[in-house]
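Enquirer: Listed in order, the protein sequences are those of chains R and H. Quick note, the first sequence lines up with residues 1 to 365 if you use my numbering. Quick note, the second sequence lines up with residues 366 to 477 if you use my numbering.
Hints are computed from structural coordinates only; laboratory data are not their basis. Where hints are given, some of them may not hold.
Said to hold, decoys possible - Below are the EDC-like pairs computed for lysine to aspartate or glutamate, each with C-alpha atoms no more than 20 Å apart in a straight line:
1) Lys325/R with Glu309/R
2) Lys99/R with Asp450/H
3) Lys133/R with Asp82/R
4) Lys175/R with Glu130/R
5) Lys239/R with Glu222/R
6) Lys461/H with Asp112/R
7) Lys467/H with Asp351/R
8) Lys74/R with Asp468/H
9) Lys52/R with Asp450/H
10) Lys74/R with Asp437/H
11) Lys65/R with Asp112/R
12) Lys197/R with Glu123/R
13) Lys467/H with Asp349/R
14) Lys467/H with Glu337/R
15) Lys124/R with Asp450/H
16) Lys52/R with Glu457/H
17) Lys74/R with Asp381/H
18) Lys461/H with Asp351/R
19) Lys303/R with Asp274/R
20) Lys461/H with Asp47/R
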Amino acid sequence: MQRRAFLSTVAAAGLAPAQTGKLGTLFVGAWQKHVLVIDEATRKVTDQIELKLDVPRSIMWSEDKKKIIVHCQKGCGFEIIDVATRKSERSFMVDTGGKMYRPSGFANSPDDKKLYTSLYTVEKKIDRFEVSKPQWAIIDMVGEKIEKLVDLPKDQQLRGGGGRGGGMRVSPDGKFLYQFRDNVNIYSTEDFKEVDKIELSKPLFPGIERVMIGPGDDPYEERGTILGFFNSTDPIVHKSTFGFAKFDLNKRTFDFTPVGPSTTGTLGLRLTPDRRTGYTVAFNGMGANRRCEFWTFDIASRKITKSQEFDGRSRFEFNMSSDGKLLYIYGAGNTLEMYDAATLKMVKDLDVNTDMTSNMLVLPG
Amino acid sequence: MRHLRAINKKARRIDDLLSTTEGDFVALQQNNAAQRPHYPMGCSIVFSPGWEVDSTGGTAGLCQPVERDLYDCYISCYWPAQVPDHLNNYPEWTSKCAAATKDWRNIDLVFP
Chain R
1 MQRRAFLSTV AAAGLAPAQT GKLGTLFVGA WQKHVLVIDE ATRKVTDQIE
51 LKLDVPRSIM WSEDKKKIIV HCQKGCGFEI IDVATRKSER SFMVDTGGKM
101 YRPSGFANSP DDKKLYTSLY TVEKKIDRFE VSKPQWAIID MVGEKIEKLV
151 DLPKDQQLRG GGGRGGGMRV SPDGKFLYQF RDNVNIYSTE DFKEVDKIEL
201 SKPLFPGIER VMIGPGDDPY EERGTILGFF NSTDPIVHKS TFGFAKFDLN
251 KRTFDFTPVG PSTTGTLGLR LTPDRRTGYT VAFNGMGANR RCEFWTFDIA
301 SRKITKSQEF DGRSRFEFNM SSDGKLLYIY GAGNTLEMYD AATLKMVKDL
351 DVNTDMTSNM LVLPG
Chain H
366 MRHLRAINKK ARRIDDLLST TEGDFVALQQ NNAAQRPHYP MGCSIVFSPG
416 WEVDSTGGTA GLCQPVERDL YDCYISCYWP AQVPDHLNNY PEWTSKCAAA
466 TKDWRNIDLV FP
């Protein structure tokens, strides 16, 4: 294993949360104004949380996992759902007057009082709409308004690539905002001044020229640590390689383990609760020639232990059950496909009777 | 350099590649990108859902059946212009149709 620093995989496995053995609950946004609640034990939709604003576009946990923050389509709106009562507690829109905000990517502060995002503003003028440059924004979730807007640095104003904002995380102490793009940019959460930059585009160790990683959405993620895939190319023949990258947000150190040749794309890494086994969906080819496969990884050795082609729909998202025994394929439609993680065969195609419109959150039992 | 001409496949490919970087007036063309069918405004010029093409000019990238695309494309992509104005004037245009694949006949017809 090649490494740049810090934690071993054995230590990582030791820090994993204990597996309760109980099945959990799934939350996913759905057309038209709902968040569906799906019970993993019965594999049925057990509740529909009514939203006041509009179609849910993305959902995320509060830090204590007691609330769900829903970003809605209308008016750059947010709704806060109480997980225990399964009711919408409050909702608000940050669009004001003729100004409309178009955010992409969110990261919440450790105290859940602020939401960090990158956005651009569309302002309605008397004869035109004026679109601003991309900006950092702090959304005051208590005061229900935009607290601060700061222009992104000029070299970060490129559109495209992770929805402009890229993946984002706030450090456990709330002082730094990490933006994962072609480099990892580290900003102060006070004024968005760049305090550090980890240049992944420069060689980190011999044989690697360019690396890209992004944070995943792991319900068992250790606070302050990100384990995900990276892609890199070598400087001689530009062969693309993918592997595991572990990033410590506090120490700002990486641990890279190349695995094999890159595929056309993957859908992020999902880890079992004991953090010993990982799963992803890998694509090969494009369009009509695209093939979808499940890949199973042994995390300790960082090796692929099993792969299985499956009939992937044209557009979908991927997630894993709270006990790590089922893999979920959902999105762009009204069906949730469940695959057995051991055999990688489909066990159920659940019709939730409404089109899903957001990512899925998994609440462990 | 006009007296130099590409005489084999590889040289012609280099020639083609260089010519793409010299500027053309094909909309949304990316430098060094593989040549593909050009749809200047993506699928948004197609105003009949079900008859659009994906970014490669084919249909393999579209959802199947096509109704799966309706809401997902509306909120994330290019169909706000093709479907009723959900945010302002016709917020209830799909109030009787949660799953487009199954209930698309219940979608409201709107005559603006």
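Enquirer: Are the hints correct? Go through all of them and say.
Expert: Hints, verified against the model:
Between Lys325/R and Glu309/R the CA atoms are separated by roughly 18 Å; this keeps the pair inside 20 Å, and the hint holds. For the suggested pair Lys99/R and Asp450/H, the alpha carbons sit about 19 Å apart, so the restraint of at most 20 Å is met. The straight-line distance between the Cα atoms of Lys133/R and Asp82/R is roughly 35 Å, outside the 20 Å bound, and the hint therefore fails. Simply put, Lys175/R and Glu130/R have alpha-carbon atoms about 33 Å apart, too far for the 20 Å limit, and the pair is violated.
With a CA separation close to 32 Å, the supplied pair Lys239/R and Glu222/R exceeds the 20 Å bound. Proximity of Lys461/H to Asp112/R is assessed by CA-CA distance (about 36 Å); at most 20 Å being required, the pair is judged violated. Of the pairs offered as hints, the one joining Lys467/H and Asp351/R holds, with about 11 Å between alpha carbons and a cut-off of 20 Å not exceeded. Among the hinted pairs, Lys74/R with Asp468/H is inconsistent with the structure: their alpha-carbon atoms are about 24 Å apart, more than 20 Å.
Our distance criterion of 20 Å between C-alpha atoms is met by Lys52/R and Asp450/H, whose separation comes to about 18 Å. Only pairs whose Cα atoms come within 20 Å are accepted, and Lys74/R paired with Asp437/H is accepted, the gap being roughly 15 Å. Between Lys65/R and Asp112/R the CA atoms are separated by roughly 10 Å; this keeps the pair inside 20 Å, and the hint holds. Restraint check for Lys197/R and Glu123/R: not satisfied, since their Cα atoms lie roughly 32 Å apart, outside the 20 Å limit.
With a C-alpha separation of about 15 Å, the suggested pairing of Lys467/H with Asp349/R holds against the 20 Å cut-off. This hinted pair checks out: Lys467/H and Glu337/R have alpha carbons roughly 17 Å apart, not beyond 20 Å. Pair hint Lys124/R plus Asp450/H holds up; C-alpha atoms about 18 Å apart against a cutoff of 20 Å. Of the pairs offered as hints, the one joining Lys52/R and Glu457/H holds, with about 14 Å between alpha carbons and a cut-off of 20 Å not exceeded.
About 45 Å separates the Cα atoms of Lys74/R and Asp381/H, which puts this hinted pair outside 20 Å; it is violated. The hinted pair formed by Lys461/H and Asp351/R meets the criterion: a straight-line CA distance of about 17 Å does not exceed 20 Å. Simply put, Lys303/R and Asp274/R have alpha-carbon atoms about 17 Å apart, close enough for the 20 Å limit, and the pair holds. Straight-line distance between C-alpha atoms of Lys461/H and Asp47/R comes to about 19 Å, which keeps the hinted pair within the 20 Å bound.
Of the numbered hints stated above, those contradicted by the structure are hints 3, 4, 5, 6, 8, 12, 17, listed in ascending order.
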